[in-house]
Structures are given as structure tokens and as C-alpha cells.
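With these hints in hand, go ahead and build the complete structure from the sequences.
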Amino acid sequence: MFHVSFRYIFGIPPLILVLLPGASSDCDIDGKSDKVFGNILMVSFNALDSMRDICSNCQQNASNFFKKNSCDDNKEVKFLYRAVRKLKQCNKTNNSEEFNDQAERISKTTLILLNCTSKVKERKPPTLHKVQPTKTLEEKKLLKEQKKQDDSPCFVKRLLDEIKTCWNKILRGAKKH
Amino acid sequence: MKTPQVVGDLGLEGADFSLTSMPPGSLSVSTLPLPEVQCFVFNAEYMNCTWNSSSEPQPTNLTLRYWYKNSADKVQECGHYLFSEKITSGCWLQKEEIHLYQTFVVQLQYPREPRRQAKQMLKLQDLVIPWAPENLTLRDLSESQLELSWSNRYSSHCLEHLVQYRSDRDRSWTEQLVNSRSSFTLPSVDVQKRYTFRVQSRHNPYCGSCLHWSEWSHPIHWGSNASKENPSSFALEAVLIPLGSMGFIISLILVYCWLEWTMPRIPTLKNLEDLVTEYQGNFSAWSGVSKGLTESLQPDYSERLCHVSEIPSKGGTLGEGPGGSPCTQHSPYWAPPCYTLKPET
Numbered sequence: 001m002f003h004v005s006f007r008y009i010f011g012i013p014p015l016i017l018v019l020l021p022g023a024s025s026d027c028d029i030d031g032k033s034d035k036v037f038g039n040i041l042m043v044s045f046n047a048l049d050s051m052r053d054i055c056s057n058c059q060q061n062a063s064n065f066f067k068k069n070s071c072d073d074n075k076e077v078k079f080l081y082r083a084v085r086k087l088k089q090c091n092k093t094n095n096s097e098e099f100n101d102q103a104e105r106i107s108k109t110t111l112i113l114l115n116c117t118s119k120v121k122e123r124k125p126p127t128l129h130k131v132q133p134t135k136t137l138e139e140k141k142l143l144k145e146q147k148k149q150d151d152s153p154c155f156v157k158r159l160l161d162e163i164k165t166c167w168n169k170i171l172r173g174a175k176k177h
Numbered sequence: 178m179k180t181p182q183v184v185g186d187l188g189l190e191g192a193d194f195s196l197t198s199m200p201p202g203s204l205s206v207s208t209l210p211l212p213e214v215q216c217f218v219f220n221a222e223y224m225n226c227t228w229n230s231s232s233e234p235q236p237t238n239l240t241l242r243y244w245y246k247n248s249a250d251k252v253q254e255c256g257h258y259l260f261s262e263k264i265t266s267g268c269w270l271q272k273e274e275i276h277l278y279q280t281f282v283v284q285l286q287y288p289r290e291p292r293r294q295a296k297q298m299l300k301l302q303d304l305v306i307p308w309a310p311e312n313l314t315l316r317d318l319s320e321s322q323l324e325l326s327w328s329n330r331y332s333s334h335c336l337e338h339l340v341q342y343r344s345d346r347d348r349s350w351t352e353q354l355v356n357s358r359s360s361f362t363l364p365s366v367d368v369q370k371r372y373t374f375r376v377q378s379r380h381n382p383y384c385g386s387c388l389h390w391s392e393w394s395h396p397i398h399w400g401s402n403a404s405k406e407n408p409s410s411f412a413l414e415a416v417l418i419p420l421g422s423m424g425f426i427i428s429l430i431l432v433y434c435w436l437e438w439t440m441p442r443i444p445t446l447k448n449l450e451d452l453v454t455e456y457q458g459n460f461s462a463w464s465g466v467s468k469g470l471t472e473s474l475q476p477d478y479s480e481r482l483c484h485v486s487e488i489p490s491k492g493g494t495l496g497e498g499p500g501g502s503p504c505t506q507h508s509p510y511w512a513p514p515c516y517t518l519k520p521e522t
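Each protein sequence line maps, in turn, to chains P and G. Each step along the first sequence adds one to the number in the numbering used here, with nothing skipped, and position 99 is 99. Each step along the second sequence adds one to the number in the numbering used here, with nothing skipped, and position 248 is 425.
Misleading hints may appear alongside valid ones.
As the list claims (entries may be wrong) - Simulated pairs of lysine to any residue, SDA-like, Cα-Cα distance not exceeding 20 Å:
#1 P:Lys78 x G:Asn247
#2 P:Lys75 x G:Asn247
#3 P:Lys157 x G:Lys246
The set of hints was computed from the structure by calculation and includes no laboratory data. Fair warning: this is a prediction, and the values are worked out from it, not measured in the lab.
In C-alpha cells, the structure reads:
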């Protein structure tokens, strides 16, 4: 019994200390983000807005990404980081070159402004002694459909809109307090 | 069932129509599109969503429902309708119901036919209209530099401003766009002029992208009151003086021409021999002086010569002079009496 209590007293705190960096944000928004937003990001956003022929008939897709990620209070930076990473993963072949150039500029500039360290990564909770279940054929099919949807111009356009909205929210609150 | 082409033609992107199947050629209320809802957030204090209630063929109280996408909040019906001629024409939402950075979904519904509805998704951060700027203040930075400053009842860093100014001599406004800061510097001003300034603001670009400007602020003035141009001085300077000058010059020309026409020419010595050869001594014809002018130059009075002589010493009366009659008359006019001088005894 002494060995059990010893393990709990001296084992768990170090585990918390190890897991703490994964739970906290390692991104720090640049203090001059408003100027960069106005001079660089807005130019790209406006250029994308002018491409109205793209996604003019978009249906309201319910992508899993937006179900799991949103620019909620105190989660703005986290959302932006995930959104630009998702943007980079999207297949560019469905879009025009100019569209892809503007999207690339937005994602790179956002990452620079977020000033995230290399330690920031998606970390799943440790699953000790747990075996990952194999995906069924139907689940694989769903994942494939989801991937196809996320590569569509409509999803990319919506992703960019959400990135812009989240930036607006951050900048509004940046000098408010 | 969605009809994207119809939606696109009517400019109702994001609208969702439910159409009932009708025989071709017939038209019913359910096939008519619902009016578009237009929302504005005024200074982030309240929001008005309005629609054209007269677009319906029959006056109908349309209902409005709203919710925020990806939010746990339930669908809510408008709690404060706006009316136009006793028909619902809008909805007023208070500050606590406004979340600028969540997608706002508004649904307009026909009460008698619930399937007839239209849904719109709006970005409220692009629909914010701030109140007009206030407390406009002018400050002299230097002898000719002027600084205009103002305040807003909204976060200033979220706004961009448009400054207009003109002097009392200008006919149109001069504009200057100012980003986020609440001041504007005019580098050189003329102290002789009177300036007017005014400012308007909009929610752009850092916190949203609204294209609508606020109302204009109350104007503020700077400069001399005396320099203000009034219509009478303008009439004097721009009209009367030039006309008067022209009239004076024209009158001088006319007088000169009249004098040239009426006054005789001064004969030149070159043509003196013409007086003898051509005009046979007729001076008036040669000189060009008119007959009337010649006659008018003749003397029209006569003067009798009066000889005055001394009285001889032997007392002779002076009755006749050695030359005859004492006075010689040159004209039939009455001659003045001649006086004699009597010697002293």
C-alpha cells in the first residue's frame, strides 16, 4: 500500500507537468498584427471577394471541421492555427492559380503573425493500453467523402471567410481592454 | 427544394424556398418570393432587421426567426417587431442578442403557409454602422498648421474616418481618408479664409468590413468671419467694376470721335498755295470751316469811335473837331455822346 500511495503522490504531478505544454497555447500574436492585417491580409481577402464566380452556388455544407473548430472566446488563436493548417492541406487543383496564391499568402501571413513555436502540435490524450479500433468500410467511405468535400472550392472559401472573421474578432478585442 | 438560379437572379443568395407543385400557368401566393431582410447593427448597441412589407399582394404579418450558426442557442422568434401601417416590417434586437462574430441566421416566414420561408445568413461585423463622430476640436499646431480631432462612441481602432473640409472661397469639399486614429492635420491654412470641417466614420477594415458610413458630424468652423464673401461684394468686384471700366473707355472713345467730327481741321502750311489756286482766297472753304461757323465767328457788336481832343485856348466850344463831326459812327447803332472838356476860368 505504501508503494501505491508513493506512485500516486510522486507520479501524477510530473505527468501533469509534462502534459501542461500541450494544453497551453504556444502562439503569441504579433503586436503589429493590425497593421499587417490591414496592409497584407485585407488585400488578399478583398481579392478573393472579387472572385464571385467561385462558389456562387455553394450549398451550406456541414463540414466536420467547422463542427469541431470555431472561433470561440479564448480559442481564437487555436482556431486560426488549425484553420490555416487545414487550408494548406486542401487540394489546390480545383481552384484558379490566383485563388491559390491569395490563399497561400493568407495562410503564411497568419502563421507569421501567430508566431507559433514548433512545439505546438495536435496532441491526442495518451491512450495507454487502448487499442485503436479498425475503421469499417463505411467509415472509410465517409472519411473519403469528407476529404472530397474539404477539397471543394466552397469549403476553402468558407474556411477563408472564417479566418477573416476570426481575425476581425481578435483585432477588435486586442486594444479594447 | 432549392432553386439556385432563381435565387441568384433575385439576389437572394442563401435563401431557401419551399415551392408547392402547381399546374403550369397558375400563380399563387406560395410561389412568390419573400422580401429580403436587411439588417444593420447601430454602434453595436442594437440591431434593426427590416423588410419591404408592401411587397406582398395582401397585407400580411410575416414572422421573423433568428439564431446563430454553430451555436447551442435555440431558434428564437423576434421579440420586438417593427410595424409599418400596422403590418410587421422589421425586428429590433437588443445588445445582448447581438454576437458580431457568429454567423447570424434570419428566417422570414409566411404565417399561413409555414413552408413558404426564406433564410439568410449574415455576417454582423460587416453590418455595423457607428454613431456620428462627436466633440470636433481644432488646435493650432503652428502658424499655418491646424489639427482636427474628434471622438467616437465606438472603439476607435475599429473605425476609419472620412474628413471633409472647405474654405468659404471653395465650391466643393476636399476629402481625406483617415485610418483608425482620431485626428487629422491640415498642413497649411490661409488665415484670411474661413474653414469648415466635418467627419464621418465606418466599421472597416480591422474589426469588420462595412461599406456604409455613419451620419456626418456637426460641422466646426475656423478662421476669420470678415473674410467671408457676401453677394454684394462679389457683385461689386466681379460685375460692376469691369462693366464700369468698359463703359468709361467706350465713352472716351465716343467723345473723341465726336470731337474729331465737329472740330475743324487745323490747316497745314503745305496746302497754303491751294488757298490761292483752288479756293481763290476763300479761306473758309479752304480751311474746311463751315459757313455757319464762319458767320458765328463774325463780331456782332459795333463800337463808335470817339475822338477826344483838347479844347482850344480861345474858348472855342468843342463842337466840331478839326476833322469834322466829333464822333465817327461805324454803325447805325446809337452812339454814345461825346463829352467835351471846358477849360477852367
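Hints versus structure:
{"no.": "1", "hint": "P:Lys78 x G:Asn247", "verdict": "17 Å, holds"}
{"no.": "2", "hint": "P:Lys75 x G:Asn247", "verdict": "15 Å, holds"}
{"no.": "3", "hint": "P:Lys157 x G:Lys246", "verdict": "17 Å, holds"}
The structure meets every hint from the earlier list without exception.
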